[in-house]
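Listed here are the chains, written in short residue letters.
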Amino acid sequence: MKPSTIKSRPLYGTLAPVPQATQHIAIVEGEGALALADAFAGHEALRRTIILFSPIAHRADHDQTAVLTSLSCEALHLASNVQELLGTLVTILSTATMGTRLYVSGSEDFIGRVTSEALRQGIEMDAIQTEHRGAPTRRVQCVHCKGFIDGVSASPALCPHCGLHLLVRDHYSRRLGAFMGVSIDAESPGDLPPPEAFGA
Amino acid sequence: MSGGVQFPVRVAEIEAVSPAVKRLRLERHDGPSLPPYSAGSHTVLTLEARTLEGGTRRIRNAYSLLGTTLGGGPAYEIAVLRSPQSRGGSVFIHDQLAIGATLSMSAPVNLFPLHRTARRHVLVAGGIGITPIAAMARELAAAGQPFELHYAMRDEASGAFAAELAALYGPAMRLYVSQRQERIAVRDILAHQPVGTHLYVCGPERMIDGILGDARIAGWPDSALHAERFLAPEGGEPFAVKLARSGIATLVGEHQTLLEAIEAAGVDAPYLCRGGACGQCETPIVSADGTLLHADHFLTDDQKACGKTIMTCVSRLRGRELVLDL
Ligand code: FES
Numbered sequence: 001m002k003p004s005t006i007k008s009r010p011l012y013g014t015l016a017p018v019p020q021a022t023q024h025i026a027i028v029e030g031e032g033a034l035a036l037a038d039a040f041a042g043h044e045a046l047r048r049t050i051i052l053f054s055p056i057a058h059r060a061d062h063d064q065t066a067v068l069t070s071l072s073c074e075a076l077h078l079a080s081n082v083q084e085l086l087g088t089l090v091t092i093l094s095t096a097t098m099g100t101r102l103y104v105s106g107s108e109d110f111i112g113r114v115t116s117e118a119l120r121q122g123i124e125m126d127a128i129q130t131e132h133r134g135a136p137t138r139r140v141q142c143v144h145c146k147g148f149i150d151g152v153s154a155s156p157a158l159c160p161h162c163g164l165h166l167l168v169r170d171h172y173s174r175r176l177g178a179f180m181g182v183s184i185d186a187e188s189p190g191d192l193p194p195p196e197a198f199g200a
Numbered sequence: 001m002s003g004g005v006q007f008p009v010r011v012a013e014i015e016a017v018s019p020a021v022k023r024l025r026l027e028r029h030d031g032p033s034l035p036p037y038s039a040g041s042h043t044v045l046t047l048e049a050r051t052l053e054g055g056t057r058r059i060r061n062a063y064s065l066l067g068t069t070l071g072g073g074p075a076y077e078i079a080v081l082r083s084p085q086s087r088g089g090s091v092f093i094h095d096q097l098a099i100g101a102t103l104s105m106s107a108p109v110n111l112f113p114l115h116r117t118a119r120r121h122v123l124v125a126g127g128i129g130i131t132p133i134a135a136m137a138r139e140l141a142a143a144g145q146p147f148e149l150h151y152a153m154r155d156e157a158s159g160a161f162a163a164e165l166a167a168l169y170g171p172a173m174r175l176y177v178s179q180r181q182e183r184i185a186v187r188d189i190l191a192h193q194p195v196g197t198h199l200y201v202c203g204p205e206r207m208i209d210g211i212l213g214d215a216r217i218a219g220w221p222d223s224a225l226h227a228e229r230f231l232a233p234e235g236g237e238p239f240a241v242k243l244a245r246s247g248i249a250t251l252v253g254e255h256q257t258l259l260e261a262i263e264a265a266g267v268d269a270p271y272l273c274r275g276g277a278c279g280q281c282e283t284p285i286v287s288a289d290g291t292l293l294h295a296d297h298f299l300t301d302d303q304k305a306c307g308k309t310i311m312t313c314v315s316r317l318r319g320r321e322l323v324l325d326l
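Read top to bottom, the protein sequences are chains A and B. Note that the first sequence covers residues 1 to 200 in full-length UniProt numbering. Note that the second sequence covers residues 1 to 326 in full-length UniProt numbering.
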């Protein structure tokens, strides 16, 4: 089975504050903090910027926290995991107005989760900017058991929910914020190609 | 046919809803009911207006449909503003059209739809722009969706349906009468809308540009902004048109649009909005002996400048002859 040629991979850009926004919300993970600092450091937009940051536990992200604290933004929220960060985002968005712009940076699976949550909260796609930083890990949905797998770094990958070996296709759902994982060894179980790491 | 299916209809009611606006009720007279449509849809009426010389002249104009009959229905309603500077369609409807007259009406097309996933809707109408906006309000009210309606008019006499709308929607509706120095406080309205709000504007060109401009300055993303520019095509100096592929040569009269002249010559040219907005009538130009007068909102300024195509529904030539790849 050849890797999929369907290209619906999201395109990431480079963060840049939108001057006319009345409120900026930046939500970043791990090395995404540096993308945010690159775009916002010294910018007058910081006075209207709320930053939500989740350091990645097993990496030395202390410096990144320091970088963000030095930015002197309107508010800085730290959370120990992405779930908690998303909860804070939902709370902030529940009272946010239409001049709000969202900036997301971190791994591909982080961007996917944040974007799909923000869309669910009513933010328009063109009010969201994304920049990919850090490891090229993906969030995958197993099409067989519908379970989500975070931080997948190579294909094929094992579905921890149903135990199937999944080929991670380039087919991406913006609504789910996840790539599609399809059983790869249905015909000859255990016959797997060597895992291939995702490029950045 | 290019404008979609045509239905034969008869004028069932005519009511003056203000000194300058008439409401028309059009019933299908050949059998089944008319297709369902959603708020924001328009239809194109084919009018056979009598000329001073005693002949008839075919005018095709787009009109927004009032109300919505999402389940389909026996009749459609439109509201027509009498505009003396137009090419005669509205004057014909106001002065000549009588109950019982038969017309041809196109299937509904919606180029100004409500955004179904929005959490809140801000509707703004200026003058006769109330027709699609009132339909939207009705659909949103029926669906129990949150909305607010802002309706601006020159004076109370020119504001069609104002009393009805105020009675229906109470505090969700605000009137602004410019003769009483009342202005829509656009910036205040825009500043407090929650995430997930969409804005819809229908009215004069300047009003649309002003409000959309204010929304962009207030940080609104483009995908939440919707407008319908109902551009009444203007007449102008007559010119010759040649259709290169079909070998037809004809003249575009001073009260005729280029599209109407092409249709009168028996060519079934494409269109949808007949108001320079949808892009459907875009036609390649082979050569132009004169200056192109682009009046549409579809082509970019660069495209207009390079003159490769023309929107036949609203644009024309000032000069001798236009040759189209048609
Ligand atoms: S018919 Fe829509 S732009 Fe001409």
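The set of hints was computed from the structure by calculation and includes no laboratory data. Possibly wrong hints are sitting among the right ones.
[Said to hold, decoys possible] Some residues of chain B that are not near chain A, with every Cβ distance over 10 Å (derived):
(1) R57
(2) P113
(3) A191
(4) P194
(5) I217
(6) A218
(7) D222
(8) P270
(9) R320
[Said to hold, decoys possible] If you want the footprint, here are the derived chain A segments under chain B, 3+ residues with CB under 8 Å:
(10) 11-21
(11) 89-99
(12) 117-126
Using N, Cα and C, we set each Cβ at its ideal position, and we do this for glycine too.
The hints, checked one at a time:
Every beta carbon of chain A lies more than 10 Å from that of R57 (chain B), the smallest distance being close to 45 Å; the non-interface claim holds. Annotated as non-interface, P113 (chain B) keeps its C-beta farther than 10 Å from every C-beta of chain A; the closest such distance is 16 Å. Distance check on A191 (chain B): its Cβ comes as close as 7 Å (rounded) to a Cβ of chain A, failing to clear the 10 Å threshold; non-interface status is violated. Here P194 (chain B) does not stay apart from chain A, with its beta-carbon only about 6 Å from theirs, under the 10 Å limit.
Some Cβ of chain A comes within 10 Å of the Cβ of I217 (chain B); the nearest lies about 5 Å off, and the non-interface call is violated. For A218 (chain B), the condition that its CB be more than 10 Å from all CB atoms of chain A is violated, with the nearest at approximately 5 Å. For D222 (chain B), the non-interface assignment is contradicted: its Cβ lies about 6 Å from the closest Cβ of chain A, within the 10 Å cut-off. The non-interface label for P270 (chain B) is consistent with chain A: the shortest C-beta to C-beta separation is roughly 30 Å, beyond 10 Å.
The Cβ of R320 (chain B) lies farther than 10 Å from every Cβ of chain A, with a closest approach of about 45 Å, so its non-interface assignment holds. Here the stretch 11-21 of chain A counts 3 residues with a CB under 8 Å from a CB of chain B, which clears the bar of 3, and the coverage holds. Proximity of the stretch 89-99 of chain A to chain B, defined as three or more residues with a beta carbon under 8 Å from a beta carbon of that chain, is established by the 6 residues found. With 6 residues having a Cβ less than 8 Å from any Cβ of chain B, the stretch 117-126 of chain A passes the three-residue criterion, so the hint holds.
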